[in-house]
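Visitor: Below are the chains, spelled out letter by letter.
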Amino acid sequence: MSEKLLVNPIECDGHGACAELLPEMITLDEWGYPVIDGRPVPPGLERDARAAVNACPKLAIHLVPAP
Amino acid sequence: MTTVTTTELPRLLPRDGRQPEDYRAHMARHGAIPYRGGAGSLIGDIQEAGLRGRGGAAFPAHRKLAAVLAAATKRRVRSVVIANGAESEPASEKDATLLWLAPHLVLDGLQLAVEAVGAERAILYTHADRARDVGQRLRVALGERRGDRVAVHLAAAPPRFLSGQETALTNHLGGGPAIPTFTPPRITERGLGSAPTLVQNVETLAHLALIARYGPRWFRQVGTRNEPGSLLVTVRRGDGRPRIVEVPFGVPLASLLRELGHDAAVLVGGYHGTWLPASQAATIRLDNESLGGAGASVGAGLLVALPGDRCGVVETARVVRYLALESAGQCGPCLNGLPRMSAALTALATGTATGRAAASARADLERWAGLVTGRGACHHPDGTARFVRSALRTFAGEFAAHERGRCGAANSAPCLPVPRAAAQAEEDWL
Numbered sequence: 006m007s008e009k010l011l012v013n014p015i016e017c018d019g020h021g022a023c024a025e026l027l028p029e030m031i032t033l034d035e036w037g038y039p040v041i042d043g044r045p046v047p048p049g050l051e052r053d054a055r056a057a058v059n060a061c062p063k064l065a066i067h068l069v070p071a072p
Numbered sequence: 003m004t005t006v007t008t009t010e011l012p013r014l015l016p017r018d019g020r021q022p023e024d025y026r027a028h029m030a031r032h033g034a035i036p037y038r039g040g041a042g043s044l045i046g047d048i049q050e051a052g053l054r055g056r057g058g059a060a061f062p063a064h065r066k067l068a069a070v071l072a073a074a075t076k077r078r079v080r081s082v083v084i085a086n087g088a089e090s091e092p093a094s095e096k097d098a099t100l101l102w103l104a105p106h107l108v109l110d111g112l113q114l115a116v117e118a119v120g121a122e123r124a125i126l127y128t129h130a131d132r133a134r135d136v137g138q139r140l141r142v143a144l145g146e147r148r149g150d151r152v153a154v155h156l157a158a159a160p161p162r163f164l165s166g167q168e169t170a171l172t173n174h175l176g177g178g179p180a181i182p183t184f185t186p187p188r189i190t191e192r193g194l195g196s197a198p199t200l201v202q203n204v205e206t207l208a209h210l211a212l213i214a215r216y217g218p219r220w221f222r223q224v225g226t227r228n229e230p231g232s233l234l235v236t237v238r239r240g241d242g243r244p245r246i247v248e249v250p251f252g253v254p255l256a257s258l259l260r261e262l263g264h265d266a267a268v269l270v271g272g273y274h275g276t277w278l279p280a281s282q283a284a285t286i287r288l289d290n291e292s293l294g295g296a297g298a299s300v301g302a303g304l305l306v307a308l309p310g311d312r313c314g315v316v317e318t319a320r321v322v323r324y325l326a327l328e329s330a331g332q333c334g335p336c337l338n339g340l341p342r343m344s345a346a347l348t349a350l351a352t353g354t355a356t357g358r359a360a361a362s363a364r365a366d367l368e369r370w371a372g373l374v375t376g377r378g379a380c381h382h383p384d385g386t387a388r389f390v391r392s393a394l395r396t397f398a399g400e401f402a403a404h405e406r407g408r409c410g411a412a413n414s415a416p417c418l419p420v421p422r423a424a425a426q427a428e429e430d431w432l
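Here the protein sequences line up with chains A and B, keeping their order.
In short: position in the first sequence from 1, add 5, done, that's my numbering.
In short: position in the second sequence from 1, add 2, done, that's my numbering.
Chain A with its partners taken away, still in its complex shape:
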């Protein structure tokens, strides 16, 4: 089953680790908060996506089943 990225914006403090590890799908806005590509994570990027999720100091970003 494919997955997509989901940020809990209340938890997110804009550390930016996710954007460093998955620049293909996550950019930072002008205040340092992540702008997420909400489409399913393509096959080649699954490992990087998991790394981005695991690197968040606030545990604010998740991989959830894509509908």
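I should point out that these hints are in silico values taken from the structure, not numbers from a laboratory.
Keep in mind it's a predicted model, so treat the numbers as computed, not measured.
If we take Cβ atoms under 8 Å as the criterion, some of the chain B residues that face chain A in the derived model are:
hint, residue
1, F184
2, C333
3, G334
4, P335
5, N338
6, L373
7, R377
8, G378
9, A379
Quick look at which bits of chain A chain B covers, simulated, 3 or more residues with Cβ under 8 Å:
hint, stretch
10, 13 to 22
11, 34 to 47
Beta carbons: idealized from backbone N, C-alpha and C, even for Gly.
Here the structure of chain A is known, so what remains is to put chain B in place on it, guided by the hints.
Guide: Leaving out everything else, chain B in the frame of chain A:
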């Protein structure tokens, strides 16, 4: 089921003027609560009636009812029903008016919703800071009633714009601040005290109480095919007193706003709503199909006409400052983006930014509106962005005048009501 031949309005508000309906008058008009004798049995009628929520989102009422009943049944727990009368739009008074004039219809709807979803708790949540003491009115009404199956607990909402947002009110009733929480889980699954929780606007519950009595076919005798029934609307012009009317979905806006020829624009829906030029509003009907074609929606049933001698840039800047200060400050894009939009609008409105600085401020506003949309735990950034973008479109001429250092308004008196206090400290949310 009672047979009713008359379908004229008002259905919700008292027929004879503005005299509040006490329990005796309510019973004489509508009779006792038609309990169905079990959970779920009313939900099919609500679906057939096509009742949508009247709090702003127009979500089909039966789907929420069914979701709460299903979650409670599956987990074998009892659910909670919350009647939401926390009308946080500063310019809206339709819910306070309904609670004042016809409290028993709302309370009937609350009891029927409790039965429909098998709930064991019922809460009525209202603002305590309004001109009328709705809380006292409701205490009297509760004392008059006979035959309620579940005791109703009255709860007061803090005077904040977001305190009626359903995760915020659930958070508040659970002992926390009235600020939104992240979903999932949806409150229909896990809400107050982790119980499946139904939050319905008070007007929605009043309609539910009528559908339970008179049936879906009766309900559909007014309104449009896709949006049946009537709705309460707060109509304002300039800084005048609001008028609360009950109308069928689909009435022309021009029939409610009779001086559109002299007006500059109309704000539709609320402060998360949409400005429309008066000339465009004159061609539109009050339903989500017609309004949707113009990028607007019925929202919380608010219509404010901005007279031709006022400035839409100044009005928008005042409201956006209020909305920025009412951000719960939890989500980065809202915490940062709304104050930036407010500052840019204030610079444009006051003439601090002219020429090239003004053009760049307008471009910034468009960019920030796009940047904050969809990136909050609640819809506060989305609604504020919608309001700002509609102002940029509708008041393009005024923005251009301000860019040249001019303002065309002959009258600088504030038009849209903006509460003075905004949330500054954590205690303000409790």
